[in-house]
Amino acid sequence: MRRAGEALAITMEDRLKMEPILDIRNLEAGVDDRAILKGINLTILPGEVHAIMGPNGSGKSTLASLLAGREGYQVTQGSVTYLGQDLLALNPEERARAGVFLAFQYPVEIPGVNSTYFLKAALNEVRKHRGLPEVDAIEFLSLVKDRIRLLELNEDLLKRAVNVGFSGGEKKRNEIFQMAVLEPTLAVLDETDSGLDIDALRVVANGVNRLRRPDRSALVITHYQRLLNHIVPDRVHVLMNGRIVRSGGKELALELEERGYDWIMPTEPVAA
Amino acid sequence: MDANDSPPARLGRFVEAFGSVTEAAASAREPHWMLAIRKAGLARFADQGLPTLRHEDWRFTNLAPIEALPFRPLPRPEPRAVTVADLDRLPLAGMSGLRLVFVDGHFEPELSRIEALGEQIQVCSLSQTLRTDGAWLEQQLASWHEGQDRAFRALNDAYCTDGMVLRVPAGVAVAEPIHAVFLSSGSEAGLASHPRNVLVAEANSQVTVVEQYASLGGAATFTNTLTQLVAGEGAQVEHVRFQDEGPEAFHMGALRAVAAGSAQLAAHSFALGARLSRQNIGLTLAGPGLEAILNGLYVTTEKRLADHHMVVDHAQPHCASHEYFNGILSGQSRGVFHGRILVRPGAQKTDAKQTNKNLLLSSSASVNTKPQLEIYADDVKCTHGATIGQLNPESVFYLRARGLPIETARRMLIHAFAGEIIDRVRCGPIRQALDRLVWDRLERDAQVRLDASRPHD
Amino acid sequence: MSTPQSTIDQFVQSDYKYGFVSDIETEALPPGLDEEVIRTISAKKGEPEFLLQWRLRSYRHWLTMTEPSWPKATYPPIDYQKIIYYAAPKPKARLESLDEVDPELRRTFDKLGISLDEQKRLTGVAVDAVMDSVSVATTFRKELAKHGIVFCSFSDAVREHPDLVEKYLGTVVPYTDNFFAALNSAVFSDGSFCYVPKGVLCPMELSTYFRINTANTGQFERTLLVADEGSYVSYLEGCTAPMRDENQLHAAVVELIALGSAEIKYSTVQNWYPGDKDGKGGIYNFVTKRGLCRGRGSKISWTQVETGSAITWKYPGCVLLGDDSVGEFYSVALTNHRQQADTGTKMIHVGKNTRSTIVSKGISAGRGQNSYRGLVQMRPTATGARNFSQCDSLLIGDQCGAHTFPYIEVKNPTAQIEHEASTSKIGEDQIFYCNQRGLSKQDAVNLIVNGFCKEVFRELPMEFAVEAQKLLGVSLEGSVG
Ligand SMILES: Nc1ncnc2c1ncn2[C@@H]1O[C@H](COP(=O)(O)OP(=O)(O)O)[C@@H](O)[C@H]1O
Ligand SMILES: [Mg+2]
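Protein chains in written order, with my numbering: chain D, 1 to 272; chain V, 1 to 457; chain R, 1 to 481.
Excised from the complex, chain D in its bound form (with noise of 0.2 Å):
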C-alpha cells in the first residue's frame, strides 16, 4: 500500500522510536458532575494524521476544547503530554503559540477586528515564540496570498471583520486557511468537513494534505467517513459515550462508513 506519508521514507519502527507529538494517558473530564471523557488514551507520533470518528454527543467536541483549553471543563484523572511538557498546565494562548491549532466546529464571529490585522497578530506571535523576526507588511501580504489561494478563497475577505458575514463554508475554510499561515506542529480539526460540499471538501483537504510533514501531526475528528478518503489516516479511532472503543486503521473508517456506529457495542476501552 502507498501513500504521502511513505514517500517521506520514514517507517514504522522509525517512528516509534521518536517522542509523540501528543500522549493521551487515560484522561477523564467533564463539566460540572458530569463526566464526558472517560479515559482517553491516544499517542500520536510526528508525521502521523489520526482520525476520530463518532456519533454526536460522544465527547469528540470536548476533546478538542481540553486539548486547545477552553474554559469550563475540569480534568479529573489522566495527562495530556504534548511534546514532552505538560499540556494541560499552559493556557490557551501558550498552547496555540507551542504550536496546537484547533479549527473550530464553529468559528466564532469576531466583529470589528480586521481579518488581516488578526492574523498577522497571531503569526507575529506564534514567530515570536518560534525566535523568529516579526514579518514585515509585504511579506506577510505575499504568505496570505499564497494561502488564500491554496484555499480557494476570496482575496476581499481579508479586508473583512473575523467570520463576519462569512457563509458556512467559508468559515470552514478561512480555518484551514488559518492553519496554513500559521503552521502549527499539532492540527486539530474539529468536524472542519461538516457542511462543506464535494469541492469545498477537496480543496480543504488539499490545504490539510499540503501541509503534512514528517515532525507535523493531525487529529481529524469527523462524523463522516468521505473525509478521510482525501486526508487518508494513519489511524481511525471511534468515539462513543466518552471512550474510545475501537482503533483500527483506515479500513475501520469504511467499515463504520457501511454499518454506522451501532455494530460497535461499546465494551472495554481499547487502548489506542
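Hints listed in this document are in silico derivations from the structure and should not be mistaken for laboratory results. What you are looking at is a predicted structure, and each value in this text was computed from that prediction instead of being measured. Hints are not guaranteed to be accurate.
In silico SDA-like pairs for lysine to any residue, Cα to Cα no more than 20 Å straight-line [claimed, not checked]: (1) D/LYS159 x V/ARG424; (2) V/LYS303 x V/ILE66; (3) R/LYS352 x V/LEU361; (4) R/LYS411 x V/ASN62; (5) R/LYS72 x V/ARG344; (6) R/LYS411 x V/ASN392; (7) V/LYS353 x R/GLN390; (8) V/LYS381 x R/GLN399; (9) R/LYS72 x V/GLU56; (10) D/LYS120 x V/LEU413; (11) V/LYS349 x R/ILE431; (12) R/LYS352 x R/ARG379; (13) V/LYS353 x R/GLU418; (14) D/LYS120 x V/ARG410; (15) D/LYS159 x V/ASP423; (16) V/LYS353 x R/TYR407; (17) R/LYS72 x V/ARG59; (18) V/LYS39 x V/GLN140; (19) R/LYS44 x R/LEU56; (20) R/LYS470 x R/LEU447; (21) D/LYS120 x V/THR408; (22) V/LYS381 x R/GLN390.
Given chain D, put chains V and R with the ligands in place with the hints provided.
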C-alpha cells in the same frame, strides 16, 4: 402670589447673575428681541428649576452636584492667556480647514482660522450675526423645538454669549469639515459657559461640522451647550459632537435637528470626558424619504457618568432612522441610555432601528438603559435591541487559541467594539483622529486597570 | 336588568360572549370607603384581629398615596367614593357540600363553561369560583386534601389556616407597594388560597374563575399561593364580567411564593368586558401580581393571555432571590377597538446564576393602544445572572398603537442581558396567499395572529390554549374589512 414670584433659594444664584448679563447686552447694543428672549428664558428657568430624579427623563442622572456648584457665567470675555500652542495640543488639532475657537463661551478671533469660503457661505460667531444679520437669526432662534432639555434651554436662552453660526446656501457643497472648538479655561469652579450654535444647511447642500469640547484647567466647570440644526430638502449633513472635557467638568449638551425630505443626516456623539455629561438629542424627520443616523460612543471610568437621551420623531412616511450607541464602562462609572422612537400616525414605511450595547469592564460599573418604541402607524419596520455584558468569552478564547495574549485579545475586542461606532464617521480625518484617540484612551485605561489590580509590594 | 337569555342574543351581534347579568340575590354595602367600611367587611368575614389591623394600616397608607400617572393609558378620574366595596351573593346558609350551591349561581357558571359539578368537570381541574367579591364554591377540596394540599377561598383560609395566612400575606406585595395594592389590602373581600406541602406534585390543575356581576362594584380579590420545598403546582385563572355602560374597577393582588426547588406555573386568560366599539364601559383591570422565588433552584412562570378589559395595567413579576432560581413571563396582550393595555413584567435578579426569560406578544387592532413595559434589574449580588427578553408587536390597521418601554438596570458586570423588540404588520401578501388557498380574510388574520402567539400558547395548559386561540379570534372580529 408675591411670595411665589421669587424662585426657591437654591436657584437664587442662577438668577442673581442675570444683572451682569443685561448690562453686557446693553453695552454690546444687542437687539431688544434678544433681551426679550433672555428675560423669558430666565423666567422659565426660575419657574421650573433643575430637573430632579423624580422626573422620568432624569431618573438616573442626579443634577444635585450642578446645583451645589457656584454659578459664574462670564457675560464679557476676559483676557486670558490661551495660545495657539494650547490648541495644538488638543486632539483634532491637525485638521485643516476652518476653525472657530471659543473660550469660556466667547469667540476668540485670534485663535480662529476663518478664510472666506466663497461669498455665499456664512460662517461666523453668533455675536457678530446679532449685529449683521439680526432678522434672520431671530427667525432661526424662534424656530426652536422644545424638548426634554427645557430647563437647560431656558438657562441657555438667558445666558448664552456666543456660538457658531453657519449657513450653507442651497446646492453648495463645503469641501472641508468646519471645526468649532469650545474651550473651557477651567480656572475656576462654577465657571459657566452657554454656547448657542445655529447651523442651517439649505436644500441640496453638503457640509460636515465638528463641535469639540475640551478643558485646559481641571476645575469643576459647567458647560450648557445648545445646537440647532436644520437640514433642508436633500441636504447632506454630518455633525460630530466630541465631548472631552476635564475630569471634574459638568457638561449638558443639546442637539435639536430638523431634517426635511430626502435629506441625509448623520449625527455622532463621542462622550469621553467630564465627570457628568448628558446629551439630549432630538431629531425630527419632517419630510418624506430621508435617512438619519444617530451614532454614539461613551467611555467612562472612575466615578463618571455619561447619559444619552434621544428622541427620534418620525413625522413623515418613508424615512429611515438608525441609532447605534455603544458604551464602555469601567471603574465605578455609570452609563445611562434612553432612546425613544416615536412613529406618528401616517408615518408609514418607517424603518427605525435602535441598538444600545454596553460593555462592563469592572465589577462596580453599572448601566441603565431604556430603548423605547412608540408606534402609531402599522406599515413600519421598527426594532430595538440592548445588550449589557462582559466581553464574549468565546471570542476571547478564539483569539487566544490563535496565540494572542489575553490582554491583547481583550483590548482588540474592546477596540473593535468602539470601532463599530467610530467607523460610521464618514469624514476621514475626523474618523482617523478619533480612532487614534479612543485607542490611546483605552490603552491608558487598561493600564490603569492593570496597575490597580497588581498587588502592591 | 335584562334577562340572561336576551343578553345572550345580544352577544350574537356583539363580540363579547360573556356579557350577561345573572339575577342573583345580592347583599352589598352602600358605595363609599372609610374605616367603618373596612371594619364592616372584616367583621362580616369574622376575621382575626391581625387581619383587621393590617387592613387599616393599608387603608391609612393608601390615603397618603396618589394614583399613578405613568402608565400609557388615559381614562377619566375614578371616584373612589362611588364604588361599592363589598357585594356578595346572599348565602342561603353555610354550605355543607357543593350540591347546596344556589342553582342560579350554578347556572351562571355553567353558562360560562365552568361546571361546579365535580362529576361533569374534566378530571384534573379543581375550581374556586369567585362571584363579585366572594368565593362561592371550591371543587375537589377533599380530593386535594388527601395530598395535604390546601385549596380554598381566602376567607376559608383565614378561618382554617390563620397561621399560614399571617406568615405569608403581604410578604411579596406589601401594602406599601403601589396605590392599587394598598387599596386592595384595605378592602379585599375574597380570593383563592393554596398551599402545596413539601415534595408534593399537585395531581391536578388548580383554577380560579372570577366573575363580576353586580353593577358599580369593585372587585378586589386576593390570591396567595405557597409552594413548599420541592413541590409543583399549575394554576389557572379566568375572568369575565357583564356588559355595562359604566366602567368597573378590578384591583386584585396575587402573591406567589416558591421555596427551594419548588415550581409554580401561573396562567391567566383575562377576558373582562372590554367595553363596546366606541370605548363605552368595560373593566379597569389594575392588578398587582408578583412571585417570590425564595429558595434555591425555585421557578415561577407566568403566562397570560390578556384580551379583555377597557384598560389593563399589570406587571406580573418575579423576585429571584434564591440562587439558580428561574423566572419566566409569557404574554399575549390584544387590544381592539378602544382598549388600552399597559402590561409587562418585572424581573428582579438578586441571587447568583438566576435566569429569566421574557416573551411578550402585543397585538393592536382598531384604535387599540398596546404597551409593553418591563423592568429587568440585576442587583450587585446577581453574579452570572442572565436575562433574555423578546417583545414583538403586531399592528392590524393604521389607527392603533404599539409601544415598548423596557427598563434595564444592571449593577453586576457578569450579568448578561439581551433585549430584542420588533414591530410588524400583517402583510397584504400574507393575506393574499391565504385567500388564494381558500381562507377568508378573517381566517387568515386569525391564522397569522395565532402563529405570532405560538411561543406563548405553547406555555398554556392544553385546554386553555385552545380556549385562548378561540378568544383571540372572537376579539379580533371586525378588525379587518
Ligand atoms: N460546556 C458544556 N457544558 C455542558 N455540557 C457539555 C459542554 N460541552 C459538552 N457538553 C456535553 O458533553 C457531551 C459531548 O459533547 P461534545 O463533545 O460536543 O460531543 P461531539 O462533539 O462528539 O458531538 C454532550 O452531551 C454535550 O451536551
Ligand atoms: Mg462536536
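Results of checking the hints against the structure:
1. D/LYS159 x V/ARG424: At roughly 16 Å apart (the allowed maximum being 20 Å), V/ARG424 and D/LYS159 satisfy the hint.
2. V/LYS303 x V/ILE66: holds (15 Å)
3. R/LYS352 x V/LEU361: holds (19 Å)
4. R/LYS411 x V/ASN62: holds (17 Å)
5. R/LYS72 x V/ARG344: holds (16 Å)
6. R/LYS411 x V/ASN392: holds (18 Å)
7. V/LYS353 x R/GLN390: This hinted pair holds, its Cα atoms lying about 15 Å apart.
8. V/LYS381 x R/GLN399: holds (16 Å)
9. R/LYS72 x V/GLU56: Judged against 20 Å, a Cα distance of about 13 Å means the pair holds.
10. D/LYS120 x V/LEU413: Distance ~16 Å between D/LYS120 and V/LEU413 Cα, so the pair holds.
11. V/LYS349 x R/ILE431: holds (18 Å)
12. R/LYS352 x R/ARG379: holds (10 Å)
13. V/LYS353 x R/GLU418: holds (16 Å)
14. D/LYS120 x V/ARG410: This hinted pair holds, its Cα atoms lying about 17 Å apart.
15. D/LYS159 x V/ASP423: holds (14 Å)
16. V/LYS353 x R/TYR407: Holds: V/LYS353 and R/TYR407 sit about 18 Å apart, inside 20 Å.
17. R/LYS72 x V/ARG59: Measuring from Cα to Cα gives roughly 18 Å; hence the hint holds.
18. V/LYS39 x V/GLN140: Holds, at roughly 18 Å.
19. R/LYS44 x R/LEU56: holds (15 Å)
20. R/LYS470 x R/LEU447: holds (11 Å)
21. D/LYS120 x V/THR408: holds (13 Å)
22. V/LYS381 x R/GLN390: holds (16 Å)
Checked against the numbered hints given earlier, this structure breaks none of them.
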